[in-house]
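Protein chains in written order, with my numbering: chain A, 1 to 281; chain B, 1 to 281; chain C, 1 to 281; chain D, 1 to 281.
Among the hints, a few may not be true.
For chains that are exact copies, the list does not tell them apart, and a pair is met inside one copy or across any two.
Keeping only pairs whose Cα atoms sit at most 27 Å apart, straight-line, the calculated BS3-like set for lysine-lysine is [claimed, not checked]:
#1 LYS156 <-> LYS115
#2 LYS164 <-> LYS35
#3 LYS19 <-> LYS35
#4 LYS115 <-> LYS232
In short, the hints are calculated from the structure, not lab data.
Number of protein chains: 4
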Amino acid sequence: MSVKIVHNNYGKSRVRLMKVARRGESHEIQETTVKIVFEGEFREVHIVGDNSQVLPTDTMKNTVYALASQTREIEEIETFALRLANHFLINNSPVTRVIIEIAEHGWALMALGGKTHQHSFIKGSDEKHTTKVSVTREGAAIESGIEDLIVLKTTKSGFVGFVKDQYTTLPETTDRILATSIKANWHYANADAATGENWRGARQTIIETFAGHDSLSVQHTLYAMGEAMLEKFPDITEIAFSLPNIHYLPIDLSRLGLENGNQIFLPTDEPHGLIEARLSR
Amino acid sequence: MSVKIVHNNYGKSRVRLMKVARRGESHEIQETTVKIVFEGEFREVHIVGDNSQVLPTDTMKNTVYALASQTREIEEIETFALRLANHFLINNSPVTRVIIEIAEHGWALMALGGKTHQHSFIKGSDEKHTTKVSVTREGAAIESGIEDLIVLKTTKSGFVGFVKDQYTTLPETTDRILATSIKANWHYANADAATGENWRGARQTIIETFAGHDSLSVQHTLYAMGEAMLEKFPDITEIAFSLPNIHYLPIDLSRLGLENGNQIFLPTDEPHGLIEARLSR
Amino acid sequence: MSVKIVHNNYGKSRVRLMKVARRGESHEIQETTVKIVFEGEFREVHIVGDNSQVLPTDTMKNTVYALASQTREIEEIETFALRLANHFLINNSPVTRVIIEIAEHGWALMALGGKTHQHSFIKGSDEKHTTKVSVTREGAAIESGIEDLIVLKTTKSGFVGFVKDQYTTLPETTDRILATSIKANWHYANADAATGENWRGARQTIIETFAGHDSLSVQHTLYAMGEAMLEKFPDITEIAFSLPNIHYLPIDLSRLGLENGNQIFLPTDEPHGLIEARLSR
Amino acid sequence: MSVKIVHNNYGKSRVRLMKVARRGESHEIQETTVKIVFEGEFREVHIVGDNSQVLPTDTMKNTVYALASQTREIEEIETFALRLANHFLINNSPVTRVIIEIAEHGWALMALGGKTHQHSFIKGSDEKHTTKVSVTREGAAIESGIEDLIVLKTTKSGFVGFVKDQYTTLPETTDRILATSIKANWHYANADAATGENWRGARQTIIETFAGHDSLSVQHTLYAMGEAMLEKFPDITEIAFSLPNIHYLPIDLSRLGLENGNQIFLPTDEPHGLIEARLSR
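Build the full structure now, drawing on both the sequences and the hints.
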């Protein structure tokens, strides 16, 4: 039978790396998780098991270690991702596209007695700085992003005026807890814009908008965050948000003979709303 | 600034449900997790917070419960997903597409003393029967699938003849453990083909091909499984596989003054290879 | 200041191992996770950092690999745990007690076309066969057990006649779903009794009792399971159960204008009841 | 057969709660997870299913909500745990001991433009402030603690002079990465000492000692942290540490024709060392 390979890719996931940079007594660390994906025309691999054009995923992993060791300084994950992608593309002619995704995990130097320690660190939240670069022989597309940045506001959020039908039980509210785990990815017009400064500015814009916005729905806040990003950062051409609604439900204390003055809430993980959109200029 | 909404969707994730069907003393159960996604033109929701066309995700959840209760019998998840999608599409004019994803978790009646018990069950593996239906006013697309089906073979798998470069350390091997966690999704030409019988047949074809194939690489086995599916099931038009390589690495016992006769292996979760392809006729 | 070390121990956790036994074409596998704990008088290690009596945990790990490779056959985890414990105790004079815990993960040979395949396996549920041996120079104590065995019955379970107070909202019920994830550990009077046959018998006794019991509470079923074990297995001197109540809550459909004929339930992971007891003769 | 109930307990786990305190525009939040355990003589429950002395775990959960709602201010988890325990003990005569465990999750007000926001929060790390109170009719024992506080230092840690045997492959090192996820629990001599101030002081002492210590082993650092605690806090009578060794292993780049100048490390979760001790005066 004639079978068509519509699409194929392969690579290595969850390659973990800790890099330490030492300037005298002062140390810096960077912990990352790297994913490598190759696309290309690999018909013979699939059909007859001819591996003569296959770079093993084990070698991909080794290459991450090798290229990481070639710079003594910590580099932005966007820069490292581009170096990796270009290395793989140059050295593997059957490959038509290399995608590198990197997530950087948060560590901070300890603050002790009003001073920053030089080599002792404390783990931060699950928030990750992410990047995804996609490189072909025609050029590179570069994204930066955020994952698992969990934020919450205790007021300035409501949800009213929605559709009611025979299965509606949700009451309208003009004052609820709004919480979400922000996942955002934005495209840069050019690789030079993918700086740490821009990433920190974008992150701050998202947080400030979340905090300052009078939210009428998650969609409403999502749009406000994206609009602020596109307004402030001319190098950003598009931004996508994925915002799970982390519900904190008011507990019905009337069954216990008590009143809940918007004070006691039940945190729940499931089920949860999920609001997504992609915005551009 | 003029911001364009390139794409948007919203819905409810992780809606869990257990349904019990009772025929006299003989009980049947079905545990599922449902995801609902709405697409549509929702500009005013995002820009000015007008919720007048928004069905709350809480109501989506209630609707799952309501529609599930309307049949006394257990129904195939593909059938239930279509019922849900059509209900939502018919009753929500601003919505242009409804996507329903359902995963069914494995439970089996207990076998006790050579007999099958009538109302006592034991939880199976993490393997899930999945479906995804995508319905618009033009029609429905329907997929069935499998997730987290973990299989392993201790021989008839090799990996040789691959590209070597300066970072290669992987030895060639003609006899290794091959293990993967199968994720597969296939499209049916029409909704009528999405039967439990076809699902069970497709699953069996995947397993038998995995077991019987002389594997030269994960890609090679992936292709063989897809080819067998497309050969046996004329109603299946396309199939996608995502196959993480669950590595069982031979432990180097020579450093301990011992020999490893292909007998002792280290199971590792990370890093891992990931092989993906989509095949059609 | 004078500080007293009330208790101390150290060891290696999560040592994973896959062992393959080959008898011609017919293969057998055993995947395990091993934990090693040493107790002893290690004051100087703690106070002045003198490691001269410390076997590194890395060596513990290597020893697991080495001793596993010394038998070609798969052995019961109880036997392997005793071998490991004795090896460590004999070779490390400062150690006063060695505790070895092993969990064995479920794999089964594939059944294909009415026949059992010889070298292809499918992963089972999360249920684990466990053991814990604790060995001193005075002797050995040996436990076998089960973890994550999830069972459910759709009837023959009620919960009535309980204490009511001002915060009670739970209705009484004579017909509910009862589900739990069984964790059980039992002591054997002597090491020789720790056979695979006894383990399988004990497991079957637990399952049969769960299925056949008219349950008035989780405590009631727990006791029945323990009593059956102690009755059937004279070599078992004591058994401990830890039974989380996996709640499947009837969904209140009356708010949706519908009736729930004990048919639609909400699976929840939290909060959950937890019932524990230790029974002996 | 005569079966003895050696020990039994029951209760509710994973009761989650979010409490919001509002002083005008300025809001404070506290997210907690509560566990309730009852001990007592409950023979008839187990043997004949007589529930007449059983407070349902569902009511325990409701009681958490009710008692939380009775104070408008956020209270220390130690105080809330004692209130809960005493409520249960006073109202349930068959109960001989109530154990309450509470974990508090980290949230911080957002810092925006040099100012602290009044009602917008950001999730912190997985670190938890914990407490465990155990109350009988004779009195209360109270512990505070820390869980999942992950710390790392890039120097001032070595491991040399250890036992070598035929399975040793670990090289000695005088300069390695030391990382751990701190779990610590300390007993207070009296409930009045269980203040937030003492908790913060104890936490800071642990961190400072970790950072400042010239570590010869995990045991050595554990002891130094405990000694510092017992020296500084006269109200603390005993402290227990459980310290998994989070290994960051130097990657052998020599196989890639490169040198690793103590710069590139592999983070691994398994296997891992685990070092535990309990210290008192």
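A quick look at each hint next to the structure:
1. LYS156 <-> LYS115: This pair counts as between: shortest inter-copy Cα distance 18 Å, intra-copy 37 Å.
2. LYS164 <-> LYS35: between (44 Å within a copy, 20 Å between copies)
3. LYS19 <-> LYS35: within (17 Å within a copy, 30 Å between copies)
4. LYS115 <-> LYS232: Classified as between: cross-chain Cα gap 21 Å, same-chain 34 Å, threshold 27 Å.
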